[in-house]
Amino acid sequence: DTAVSQTPKYLVTQMGNDKSIKCEQNLGHDTMYWYKQDSKKFLKIMFSYNNKELIINETVPNRFSPKSPDKAHLNLHINSLELGDSAVYFCASSKRDRAADTQYFGPGTRLTVL
Amino acid sequence: QKEVEQDPGPLSVPEGAIVSLNCTYSNSAFQYFMWYRQYSRKGPELLMYTYSSGNKEDGRFTAQVDKSSKYISLFIRDSQPSDSATYLCAMSGSVGDKLVFGAGTILRVKS
Chain A
1 DTAVSQTPKY LVTQMGNDKS IKCEQNLGHD TMYWYKQDSK KFLKIMFSYN NKELIINETV
61 PNRFSPKSPD KAHLNLHINS LELGDSAVYF CASSKRDRAA DTQYFGPGTR LTVL
Chain B
1001 QKEVEQDPGP LSVPEGAIVS LNCTYSNSAF QYFMWYRQYS RKGPELLMYT YSSGNKEDGR
1061 FTAQVDKSSK YISLFIRDSQ PSDSATYLCA MSGSVGDKLV FGAGTILRVK S
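Keeping their order, the protein sequence lines are chains A and B. The numbers in this note's numbering rise by one with no breaks, and the one at position 30 of the first sequence is 30. In this note's numbering, each number is its position in the second sequence, counted from 1, plus 1000.
The set of hints was computed from the structure by calculation and includes no laboratory data. Ideal Cβ placement from N, Cα and C applies to all residues, glycine included. Take the hints with a grain of salt, since some may be wrong.
Unchecked claim - Pairwise CB distance ranges (calculated): (1) B:Asp-1078 <-> A:Met-15: 42 to 52 Å; (2) A:Tyr-10 <-> B:Gly-1054: 39 to 49 Å; (3) B:Leu-1011 <-> A:Lys-44: 20 to 30 Å.
Unchecked claim - Capping the alpha-carbon separation at 35 Å, the derived lysine-lysine pairs in DSBU-like fashion look like this: (4) A:Lys-71 <-> A:Lys-52; (5) B:Lys-1110 <-> A:Lys-52; (6) A:Lys-41 <-> B:Lys-1098; (7) A:Lys-36 <-> A:Lys-52; (8) B:Lys-1110 <-> A:Lys-40; (9) A:Lys-19 <-> A:Lys-41; (10) B:Lys-1070 <-> A:Lys-19; (11) A:Lys-71 <-> A:Lys-95; (12) A:Lys-40 <-> A:Lys-71; (13) A:Lys-22 <-> A:Lys-52; (14) A:Lys-67 <-> B:Lys-1002; (15) A:Lys-40 <-> A:Lys-67; (16) A:Lys-71 <-> B:Lys-1110; (17) B:Lys-1098 <-> A:Lys-36; (18) B:Lys-1098 <-> A:Lys-40; (19) A:Lys-40 <-> A:Lys-22; (20) B:Lys-1070 <-> A:Lys-41.
Start from the sequences and build out the full structure, keeping to the hints where you can.
What follows is the structure, encoded as structure tokens:
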């Protein structure tokens, strides 16, 4: 009974391609996030959705487009992939008013752009 | 200057040692302080959560916050090889606010 799941776990693709990563949580949380972790382990928030509404949109290229069909799912679509997009992408979820101590992370999607 | 600074290590200690991990920060609005543990090729998991200044203990782990110095610490007593992981500090200004992470410290406990 996985709390936050992501697919795929690994993604290897060519520069210029478009790819999507999916995330699902079964914790009943109302807020979901996408984080990017670079090769130096630095974890940085990209987007946050609360009940399907975008609430955090950090300085991310518009090639990245999140989509939340419902509060249990948050997908990330990336257009025209670049070498610098290679990283591990983590999905997370939390209660909206308890982000500090209820945030659970998924296992990550390791994206490699060749 | 990053909002949260954390020495990336690696920090190598023998089994049974007391480990001290630290972060400094510049934003005085931060009030909530977390430590996450991340095993290799896994997602981060919440280890400790502290509000404002003071200490919090949970088993072999103790989290300390000194807001006057903008400095937080995580102590691990009787360290075990299973504690080998990357430890990330995180903080936020309010309980519902976004988390700002440090770069993480790689810890290796040798048996």
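The hints, checked one at a time:
1. B:Asp-1078 <-> A:Met-15: 42 to 52 Å: 48 Å, holds
2. A:Tyr-10 <-> B:Gly-1054: 39 to 49 Å: 42 Å, holds
3. B:Leu-1011 <-> A:Lys-44: 20 to 30 Å: 23 Å, holds
4. A:Lys-71 <-> A:Lys-52: 6 Å, holds
5. B:Lys-1110 <-> A:Lys-52: 46 Å, violated
6. A:Lys-41 <-> B:Lys-1098: 18 Å, holds
7. A:Lys-36 <-> A:Lys-52: 20 Å, holds
8. B:Lys-1110 <-> A:Lys-40: Distance ~23 Å between Lys-1110 (chain B) and Lys-40 (chain A) Cα, so the pair holds.
9. A:Lys-19 <-> A:Lys-41: Distance ~23 Å between Lys-19 (chain A) and Lys-41 (chain A) Cα, so the pair holds.
10. B:Lys-1070 <-> A:Lys-19: Roughly 41 Å separates the two Cα atoms, so the pair is violated.
11. A:Lys-71 <-> A:Lys-95: Given pair Lys-71 (chain A), Lys-95 (chain A) holds - Cα atoms ~11 Å apart, limit 35 Å.
12. A:Lys-40 <-> A:Lys-71: Roughly 31 Å between the alpha carbons, so the hint for Lys-40 (chain A) and Lys-71 (chain A) holds.
13. A:Lys-22 <-> A:Lys-52: 15 Å, holds
14. A:Lys-67 <-> B:Lys-1002: 29 Å, holds
15. A:Lys-40 <-> A:Lys-67: 27 Å, holds
16. A:Lys-71 <-> B:Lys-1110: 43 Å, violated
17. B:Lys-1098 <-> A:Lys-36: Holds: Lys-1098 (chain B) and Lys-36 (chain A) sit about 14 Å apart, inside 35 Å.
18. B:Lys-1098 <-> A:Lys-40: 21 Å, holds
19. A:Lys-40 <-> A:Lys-22: 24 Å, holds
20. B:Lys-1070 <-> A:Lys-41: Within the cut-off at roughly 22 Å; holds.
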